[in-house]
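Taken in sequence, the protein lines are chains S and A. The C-terminal position of the first sequence is numbered 104 in the numbering used here, with every residue numbered one higher than the one before it. The C-terminal position of the second sequence is numbered 151 in the numbering used here, with every residue numbered one higher than the one before it.
Be a bit skeptical, because a hint or two may be false.
Stated by the list, open to error - Examples of chain A residues lying across from chain S (beta carbon under 10 Å, computed):
| id | residue |
| --- | --- |
| 1 | N3 |
| 2 | L16 |
| 3 | I68 |
| 4 | R97 |
| 5 | R99 |
| 6 | E124 |
| 7 | G146 |
No lab work stands behind these hints: they were computed from the structure. These figures come from a predicted structure and were not determined experimentally. Cβ coordinates follow ideal geometry from the N, Cα and C atoms, glycine included.
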Amino acid sequence: MILTNIEGVPGKTIVEHFGIVQGSTVRAKHVGKDIMAGFKNIIGGEIKSYTELLNESRQEAIERMVKQADTLGANAIINVRFATSSITQGAAELFAYGTAVRVE
Amino acid sequence: MGNFLEILIFLSLLALGYFAGRYFERKHYKSIRLRESQMLYIPLVTFGAKPPWPNAKEAKLFVGCVVISTDYFKTISAGLRNLVGGRVMAYETLLDRGRREALLRLKEQAIEWGASQILNVRLETSSIWGAEGKQSVGNVEVIAYGTGIKE
Numbered sequence: 001m002i003l004t005n006i007e008g009v010p011g012k013t014i015v016e017h018f019g020i021v022q023g024s025t026v027r028a029k030h031v032g033k034d035i036m037a038g039f040k041n042i043i044g045g046e047i048k049s050y051t052e053l054l055n056e057s058r059q060e061a062i063e064r065m066v067k068q069a070d071t072l073g074a075n076a077i078i079n080v081r082f083a084t085s086s087i088t089q090g091a092a093e094l095f096a097y098g099t100a101v102r103v104e
Numbered sequence: 001m002g003n004f005l006e007i008l009i010f011l012s013l014l015a016l017g018y019f020a021g022r023y024f025e026r027k028h029y030k031s032i033r034l035r036e037s038q039m040l041y042i043p044l045v046t047f048g049a050k051p052p053w054p055n056a057k058e059a060k061l062f063v064g065c066v067v068i069s070t071d072y073f074k075t076i077s078a079g080l081r082n083l084v085g086g087r088v089m090a091y092e093t094l095l096d097r098g099r100r101e102a103l104l105r106l107k108e109q110a111i112e113w114g115a116s117q118i119l120n121v122r123l124e125t126s127s128i129w130g131a132e133g134k135q136s137v138g139n140v141e142v143i144a145y146g147t148g149i150k151e
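Take these sequences, add in the hints, and give me the full structure.
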């Protein structure tokens, strides 16, 4: 599966469009990581555990999107976009969407 | 006595935030500048959404992500800034660091893959998982993504 965020795949031509595919995941942080993050709010800097958590979650959202494209018979997803939203105090939603196509 | 203790805790947190925060910020900026100059040979561009594209055989999506937090001193100084208005320098540097770091991570992955150029780079910032309470700013997540191409 080829993923791009431009309107096509360089070096290949699009032969078929399958429409929008999407994947999302909602993740809650856990308490242990939260204590460390609270400490980081005092001294500042990167919160590595959160970065990792969001990276994993984004990967999962991408996988779900890819699975959906697979069932449609696509071999590429173009124009992929990402969005993150904090839905409640403790949970974040990660969302990925794009257009499934077949390229040759 | 209780009040005195509270003030003492507040002042020590403020001092810790100021000195530790400043130290880490300087260290971070130093590493950002160093890595930026090392990776200057790969162009990172915001155009390229539509054809024609530069000659390429392969393309791949890359994502760079970072979660960055304010320190206690910045939170308080920005809170005071809210009273009079104007430029909030404390948060400007924070967001600047986050964006540059996210771009660098994007670039690192693309270089590892062997990209010659990264097209259509997009940046997105969101505030996530803020601590309880209204005056808290929480943490800022910055993601940078783009399509790496290679010949």
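Hints, one by one, checked against the model:
no.: 1; hint: N3; in the structure: 21 Å, violated
no.: 2; hint: L16; in the structure: 6 Å, holds
no.: 3; hint: I68; in the structure: 5 Å, holds
no.: 4; hint: R97; in the structure: 9 Å, holds
no.: 5; hint: R99; in the structure: 13 Å, violated
no.: 6; hint: E124; in the structure: 6 Å, holds
no.: 7; hint: G146; in the structure: 6 Å, holds
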